[in-house]
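These protein sequences, in sequence, are chains G and Y. Going by numbering that gives the first Met the number 0, the letters in the first sequence line up with residues 0 to 300, in that order. Going by numbering that gives the first Met the number 0, the letters in the second sequence line up with residues 0 to 424, in that order.
Read the hints as simulated data drawn from the structure, not as lab findings. Please read all numbers here as calculations on a predicted model, not as lab measurements. A few of these clues could be false.
Dumping the calculated EDC-like pairs for lysine to aspartate or glutamate here, alpha-carbon to alpha-carbon at most 16 Å [what the hints assert, rightly or not]:
1) Lys9/G / Glu372/Y
2) Lys174/G / Glu372/Y
3) Lys2/G / Asp374/Y
4) Lys9/G / Glu11/Y
5) Lys386/Y / Glu369/Y
Label pairs and their computed distance ranges (CB to CB) [stated by the list, open to error]:
6) Lys54/G / Arg388/Y: 53 to 63 Å
7) Val287/Y / Asn261/G: 48 to 58 Å
8) Glu269/G / Thr297/Y: 54 to 64 Å
9) Lys276/Y / Thr82/G: 39 to 49 Å
10) Gly220/G / Tyr212/Y: 32 to 42 Å
A virtual CB, placed ideally from N, CA and C, is assigned to each residue, including glycine.
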Amino acid sequence: MDKYRINHLKELEAESIFVIREVAAQFENPVMLFSGGKDSIVMFHLARKAFWPAKVPFPLMHIDTGHNFPEAIEYRDRTMEETGTKCIVALVQDSINEGRVVEEKGVNASRNKLQTTTLLDAIESRKFDAAMGGGRRDEEKARAKERFFSHRDEFGQWDPKNQRPELWNIFNGRKNMGEHFRVFPISNWTEMDVWQYIYMEQIDLPSLYFTHKREVFNRDGVWLAKLPFMQLKDTEEVKELDVRCRTIGDVTCTGLTLSTANSLEDIIHEVASTRTTERGGRADDKRSESAMEDRKREGYF
Amino acid sequence: MSGKESGYLDMELLRFTTAGSVDDGKSTLIGRLLYDSKAIFEDQMEAIERASERSGHEDVNLALLTDGLRSEREQGITIDVAYRYFATPKRKFIIADTPGHIQYTRNMVTGASTANVALILVDARHGVLEQTLRHAFIASLLQIPHVIFCINKMDLVEYSQERYEQIKADIDAVSSKLSVKDIRFVPISALNGDNVVDRSEPMSWYDGPTLMYLLENIHISSDINHEDFRFPVQYVIRPQSAEWPDYRGYAGRVSSGDIKLGDEVTVLPSGFASKVKSIDMMNESMEVGFAPQSVSITLEDDIDISRGDMIVKTNNGRAPQNSQDIELMICWFNERALVPRGKYVIRHTSSDARCMITEVKYKMNINTLEKNEEDKSVGMNDIARVKLRSTKPLFFDSYNRNRFTGSVILVDEGTNETVAAGMII
Ligand SMILES: Nc1nc2c(ncn2[C@@H]2O[C@H](COP(=O)(O)OP(=O)(O)O)[C@@H](O)[C@H]2O)c(=O)[nH]1
Ligand SMILES: [Mg+2]
Numbered sequence: 000m001d002k003y004r005i006n007h008l009k010e011l012e013a014e015s016i017f018v019i020r021e022v023a024a025q026f027e028n029p030v031m032l033f034s035g036g037k038d039s040i041v042m043f044h045l046a047r048k049a050f051w052p053a054k055v056p057f058p059l060m061h062i063d064t065g066h067n068f069p070e071a072i073e074y075r076d077r078t079m080e081e082t083g084t085k086c087i088v089a090l091v092q093d094s095i096n097e098g099r100v101v102e103e104k105g106v107n108a109s110r111n112k113l114q115t116t117t118l119l120d121a122i123e124s125r126k127f128d129a130a131m132g133g134g135r136r137d138e139e140k141a142r143a144k145e146r147f148f149s150h151r152d153e154f155g156q157w158d159p160k161n162q163r164p165e166l167w168n169i170f171n172g173r174k175n176m177g178e179h180f181r182v183f184p185i186s187n188w189t190e191m192d193v194w195q196y197i198y199m200e201q202i203d204l205p206s207l208y209f210t211h212k213r214e215v216f217n218r219d220g221v222w223l224a225k226l227p228f229m230q231l232k233d234t235e236e237v238k239e240l241d242v243r244c245r246t247i248g249d250v251t252c253t254g255l256t257l258s259t260a261n262s263l264e265d266i267i268h269e270v271a272s273t274r275t276t277e278r279g280g281r282a283d284d285k286r287s288e289s290a291m292e293d294r295k296r297e298g299y300f
Numbered sequence: 000m001s002g003k004e005s006g007y008l009d010m011e012l013l014r015f016t017t018a019g020s021v022d023d024g025k026s027t028l029i030g031r032l033l034y035d036s037k038a039i040f041e042d043q044m045e046a047i048e049r050a051s052e053r054s055g056h057e058d059v060n061l062a063l064l065t066d067g068l069r070s071e072r073e074q075g076i077t078i079d080v081a082y083r084y085f086a087t088p089k090r091k092f093i094i095a096d097t098p099g100h101i102q103y104t105r106n107m108v109t110g111a112s113t114a115n116v117a118l119i120l121v122d123a124r125h126g127v128l129e130q131t132l133r134h135a136f137i138a139s140l141l142q143i144p145h146v147i148f149c150i151n152k153m154d155l156v157e158y159s160q161e162r163y164e165q166i167k168a169d170i171d172a173v174s175s176k177l178s179v180k181d182i183r184f185v186p187i188s189a190l191n192g193d194n195v196v197d198r199s200e201p202m203s204w205y206d207g208p209t210l211m212y213l214l215e216n217i218h219i220s221s222d223i224n225h226e227d228f229r230f231p232v233q234y235v236i237r238p239q240s241a242e243w244p245d246y247r248g249y250a251g252r253v254s255s256g257d258i259k260l261g262d263e264v265t266v267l268p269s270g271f272a273s274k275v276k277s278i279d280m281m282n283e284s285m286e287v288g289f290a291p292q293s294v295s296i297t298l299e300d301d302i303d304i305s306r307g308d309m310i311v312k313t314n315n316g317r318a319p320q321n322s323q324d325i326e327l328m329i330c331w332f333n334e335r336a337l338v339p340r341g342k343y344v345i346r347h348t349s350s351d352a353r354c355m356i357t358e359v360k361y362k363m364n365i366n367t368l369e370k371n372e373e374d375k376s377v378g379m380n381d382i383a384r385v386k387l388r389s390t391k392p393l394f395f396d397s398y399n400r401n402r403f404t405g406s407v408i409l410v411d412e413g414t415n416e417t418v419a420a421g422m423i424i
C-alpha cells in the first residue's frame with residue numbers, strides 16, 4: 000500500500016486544511032489573524048487551498064502595532080489585492096487614543112503586550128466567534144499544551160488547566176454567548192516544516208526574510224532594526240549589516256539574524272544548522288520563565 | 000534542491016504517545032530523544048539550566064523540557080497532554096506526552112487517539128505494576144497499532160539480562176488478554192542514553208534494535224484502513240462566480256480507503272448514487288484521492304449533499320453500519336458523572352445528533368481488567384461499556400476497523416464541554 004503514501008508536509012497540510020474547513024463549518028463569524036509573518040502567510044495559503052475555487056469565506060485581520068517593517072505592510076496590501084481578500088486592520092494606536100491601554104515608557108517600550116487589548120476589543124466589537132492564529136506548539140513550552148480549538152471565556156481568557164480534550168479529528172466548537180475560540184490550524188508544524196512547505200509550494204514571501212543590508216543595533220544580545228520609532232540608548236551603536244528576519248512581528252521585539260541567505264534553499268540550510276529557537280530572538284519572551292503562559296492566559300495570541 | 004533537503008521533503012509522519020507512571024522516566028526519555036536528535040536549541044537548553052538551578056537540581060534536568068506549564072514545573076509532574084516535535088532524516092515525529100497516573104486516564108486516552116505507536120515505560124527495578132497493565136489496556140482500547148515497552152533504568156539493575164527477560168515474560172503473559180497488533184521490547188537507560196539512540200555497551204547481550212531505530216523504521220503505512228472508502232462531507236464549496244458558476248465541491252478528509260475518477264458512489268443517508276467527476280486540491284486535479292488527504296470531490300449529478308453526509312463507494316464490499324442504537328466503550332472525561340438515561344450531543348465524524356444513554360453494561364476496572372457489573376456509576380476517568388440511542392441513524396464502522404468512522408464524542412448540552420470519548424464496538 001506504499002503507493003498511497005504522502006510525505007509529512009502533505010499530511011500536515013491535510014490536517015490544517017481540515018481544521019480550517021471545520022472552523023468555516025462550525026462558526027458563524029470567524030476571522031483569520033494575519034501579521035505578514037511566515038506562519039500567517041502559510042496559514043492563509045492553506046485557507047485558499049481549503050476553499051478553492053471559492054474565495055476564502057472569512058476576512059483576515061491584522062492587529063497593527065504601528066511599529067512595522069514597511070515591507071511587511073506592502074506585502075500584506077499586495078497579497079490582499081491579488082487574492083481579492085478582505086483584511087481588517089485593527090490599530091493599537093486607536094486603543095491608546097481611546098484610553099484602553101497605556102503606552103509603555105522607556106527604551107524597552109513595546110506595544111507587543113498592548114495588542115491583546117486591541118485584539119480582544121476587535122473580537123468583541125465585530126462579534127467574531129473564532130479567531131484563527133498561526134501559533135505553533137513548537138514555538139514555546141506553554142504553547143505545547145494548546146489545543147487546535149482553544150476555548151476562551153467571555154473575558155477572552157485561556158484556562159490551561161481546564162481545556163477541552165481533543166480526540167481523533169473531532170473538534171468541539173460549541174460555546175455560550177459571548178465566548179469565543181482561538182483556533183490554531185498549524186499547531187503541529189515546526190519552523191522547519193513551515194520553511195520546507197514554503198519551498199515545496201513556492202509561496203511568495205516579504206523580502207525581509209531574505210538577506211538585505213540594514214541599519215541595526217545590538218541590545219541584550221539581540222539585533223534590532225533602527226527604524227524611526229525605535230529609541231536608542233546612548234551606548235548603542237548603529238551598524239549596517241547583512242541581516243534577515245526569522246520571524247516578523249512588532250519591530251521593537253523582532254530580533255534579526257545575521258545572515259547572507261538569499262534563497263529558500265539557503266534558509267532551509269540555515270534553519271537546519273541553527274541552534275537557537277526563533278523565539279529566542281524575541282525580547283518579550285525573555286521577561287520571565289512563564290512570560291508566554293501569563294500573556295496567553297490574558298488572551299494573547 | 001539536492002541531498003539533505005530533498006531527503007527531508009520525503010519524510011513520513013509518525014505520531015507516538017508516551018505512558019508511564021510518575022518517576023518511570025518518561026520526561027527524561029523524551030528529553031533524551033530530543034537532545035540526541037538535536038531538537039533542543041541552545042536557548043531552550045539555557046532556559047532549562049536556569050530552571051534546573053532554581054528548583055535545586057544539580058544536573059541539567061531534561062524533564063523540564065517537557066513539563067511546560069507553571070503549575071507542573073512547581074509540582075514537578077506532567078498534568079496535561081504536551082506535544083513535542085523532532086525529526087530525523089527519515090521521519091518527523093509528533094509526541095503526545097501524557098501523565099501516567101490513574102487520575103489522568105482521560106489525558107492518556109486523548110494522547111492515544113491519534114497515535115501510531117505507544118511507548119510504555121516500565122521501571123526495571125519494579126517490573127510490571129498495576130499501571131503497566133493500565134497503560135497497555137488504554138493502548139489496546141484506543142487501538143494504537145504498535146506498542147513498545149521500554150524497560151527503563153536498566154543501569155539501576157546492573158544491566159541484567161535476566162531481569163529484562165523476566166519483565167518481558169510478565170508483560171507477554173498479560174498482553175495476551177489485549178488486542179495489540181504489534182508489541183516490541185527495548186531495555187534502556189533514559190538517563191544515560193543506553194539503547195535510546197545509540198546502542199548500549201553494558202547491554203551488549205541485547206541484539207535487537209534501539210528505540211530510535213524502531214521509531215524510524217516501524218512500518219506504519221498500513222496503520223490506515225486502505226479498504227473501505229469513507230468520506231464524511233465537511234463543507235460544501237460553491238463559488239457561484241463568473242468563472243465557476245456551477246462548481247459544487249464536497250470538501251472533506253478521506254477517512255479511509257481511496258477513490259478514483261469515474262468511481263460509482265453512494266451518498267448516505269439519502270442513498271443517491273452518482274459518479275466521481277473530479278477530485279480537486281486547488282490547481283491540482285487528481286486521478287485518485289486517498290486517506291488521509293483533504294480534498295474536494297465533485298460528482299456527475301446534481302444532488303443535495305450537505306455537511307454530515309457521508310460518501311462511500313457503491314460496489315466496494317463492506318458498507319458502513321447504519322443504526323440509531325449503538326454499543327460502545329466510553330472513557331468519561333468530566334467531573335460531572337454520567338447521568339443514566341441522560342441526554343447528550345453525540346458527534347460522529349462531521350455529523351451532530353442528540354442521544355440518550357440507555358444502558359451502562361459494565362464498568363472496567365482498568366487496573367485488573369475485570370468487569371464490574373455491580374457498580375455502574377461512571378465518573379471522571381472511568382471506562383465503561385454503554386448503549387445509546389441517537390435521534391438519527393449514524394453511519395459507522397466498528398472502531399477496530401476504522402478509528403475515524405468508529406469514534407464519537409459526547410458533549411454536555413448545558414456546558415458544551417466534551418464529556419466522553421467513545422469507541423464503537
Ligand atoms: N538511574 C536512572 N534514573 C533515571 C532514568 N530515567 C529517569 N531517571 C530518573 O528518575 C526520576 C524521574 O524521571 P522523570 O523523567 O521525571 O519521570 P516521569 O515522571 O516519568 O516523567 C528522575 O530523577 C530521573 O533522573 C534511568 O534510566 N536511570
Ligand atoms: Mg514527567
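Evaluated hints:
1. About 46 Å separates the Cα atoms of Lys9/G and Glu372/Y, which puts this hinted pair outside 16 Å; it is violated.
2. Between Lys174/G and Glu372/Y the CA atoms are separated by roughly 36 Å; this puts the pair beyond 16 Å, and the hint is violated.
3. Among the hinted pairs, Lys2/G with Asp374/Y is inconsistent with the structure: their alpha-carbon atoms are about 50 Å apart, more than 16 Å.
4. A distance of roughly 10 Å separates the Cα atoms of Lys9/G and Glu11/Y; the hinted pair therefore holds under the 16 Å criterion.
5. With a CA separation close to 19 Å, the supplied pair Lys386/Y and Glu369/Y exceeds the 16 Å bound.
6. Taken as a hint, the range 53 to 63 Å is violated for the pair Lys54/G and Arg388/Y, whose Cβ atoms sit roughly 42 Å apart.
7. Against the hinted window of 48 to 58 Å, the Cβ-Cβ separation of Val287/Y and Asn261/G comes to about 39 Å, which falls outside the hint.
8. In this structure the hint that Glu269/G and Thr297/Y lie 54 to 64 Å apart at CB is violated, the actual value being about 42 Å.
9. Restraint check, Lys276/Y to Thr82/G: a C-beta distance of roughly 26 Å breaks the suggested window 39 to 49 Å.
10. Between Gly220/G and Tyr212/Y the beta carbons are some 39 Å apart, a value that agrees with the proposed interval 32 to 42 Å.
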